[in-house]
Each structure stands twice: as structure tokens, then as C-alpha cells.
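Modelling step: build the complete structure from the supplied sequences, incorporating the hints.
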Amino acid sequence: MSYAIQWLRSLLFSIVMYILMAVMGIVFLPYALIHPRGAANTCLWYSRAVIWLAGWMIGLKFEVRGTPPTYGCMIAAKHQSFMDVMYIYQLLPRPRFIMKRLLLYAPILGFFAYRAGCIPVDRGKKGAAIRDMLARVKSGDGAPGQLCIYPQGTRVGPGAVMPYKKGTAALYADLKQPVVPVATNVGVFWPKRGIYRKPGTAVFQFLDPIPAGIGLRPFLHQLEVAVEGASDALAREAGFTVPVRTATPPEVEGPPV
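Quick note on numbering: our numbering labels position 158 of the sequence shown as 238, and the sequence is numbered without any gaps.
Just to be clear, a hint being listed does not mean it is correct.
[Said to hold, decoys possible] Once the Cα atoms are required to be at most 35 Å apart in a straight line, the calculated DSBU-like pairs of lysine-lysine come out as:
#, residue 1, residue 2
1, LYS256, LYS180
2, LYS256, LYS272
3, LYS246, LYS272
4, LYS180, LYS141
Hints listed in this document are in silico derivations from the structure and should not be mistaken for laboratory results.
Dropping the structure here:
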């Protein structure tokens, strides 16, 4: 298949995906207003619909390795594209995502995400943002489920290097829950920017949990090594050339604990 044809298919897929978001947002708005579960179910149905559309419209399939957790825990995942949010969301029984506050103002998406239990964070406020995030997470502590966070704080393409943020370590220390790392190579097929979507099979890999109670610096280092190492391996498996990686020091204030 030529690049031009695949680009046109990708463009059509993107148009359909956002039209579907608008239609579902309008149709299920009353359901979401009545109960937060209505918003969560709408997000679930939308995610599964987009995954199905991706399979036959652009030839993008998906594979899961490892076992998605059903117990209360943190999920610390590699973030490469919009698709990894949707795919992880529909795998978990009770997901809640840490999200950028700016997304609250996105039409339809912001309302449904917030109503479904996602937690907005203003990344520009740094220390204040971490304190606010902890308070918001703790206020919803009683709700069972999986708290999902992207340790690098933004989408990072395959092979690119960006430090892991201390907010993940702060949550780990505060919640005292195991953390399940998740690696992916979806960015090889669905890049951070642009229309083109590459056909193939994107992999999401749930790695061994990191138990609660270890020091913050060792925790963040272990998390980074696990997620980056597995994501790089998956990218190579998909035919992407990963540059030689230099380890980045974890962003944790104060002495090791």
C-alpha cells in the first residue's frame, strides 16, 4: 500500500474518530450528567469503538502482554499518543487518569474525562501542583480502582529521552500501593503529531509490579529502567531504530529514602 493511500485512510480515520466523539458526547450527555458511571461507560464504549475502527480503517491492530491488574494499584505507563490513553482505559475495571488541567477545556473530552473521575493537574505550578494532585487523589481514595499516571508528564516519542517526574514518586509514597509499569510501542504507529498512522500491531506490555514501601529514588529508577527498557525493546521489535540511551537521573528532591 502506498504512503499516499495510507495517509488518506489515516485522514478519514481521524475525521471519523472526532465525529464519533461529538456524536457520542451529545447522545450520552444526559447519562453522564445523571451519574459519573455514565461518563465512564461512555469513555469505555468510545475507546472500544476507536480501537475497532483503527483495525479496519488503517490496519492498526493491538496486542496485550502481561496481565492488566484488577486490584487497587497505580499504573505508571509510557505515553506516546492519544491511543495509549484509550487502549489502557478499556483494559482496566476502574481506571482514573491524572490529566493536564488544560484538557478540562477540550470540548466533550474534558467534561467526560472529569466526570469519569480523572484528576486534573496544573503542571506549571510544580510543587503546588503536586500538593494539589495528592489532595485530589486522596479525596477520592475510597473509590476502588487503578490510578493511572504518565511519569514523564507528556507524550514522548519512541526512543526519545525525557526525565521521570517526582509527582509519580510523591503519589507512590502517599498512597502506599504497588505500581504496575506499562510499556508500549504504539508511538511507532500512531505518532505524537501528524495525520499519518502506520499499519501494524502495537503492543501494550504490563510489567511486574513494583511493591509499595521502597525508597523514592530507587523506586523511580526501577520504574524508569523497566518502562524505558521494555518500550525500547518493543519499538525495535516493530522495526524502529532506537538510539543509544543515556540514563536520566530521577527527579526526586532531598536525599534517598
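Evaluated hints:
1. With a C-alpha separation of about 23 Å, the suggested pair LYS256 and LYS180 falls inside the 35 Å cut-off, and the hint holds.
2. A C-alpha spacing of about 32 Å is found between LYS256 and LYS272, which places the hinted pair at or below 35 Å, so the restraint holds.
3. In summary, the hint linking LYS246 to LYS272 is supported, as the alpha carbons are separated by about 23 Å, within the 35 Å threshold.
4. Between the alpha carbons of LYS180 and LYS141 the distance comes to roughly 28 Å, so the proposed pair stays at or under 35 Å and holds.
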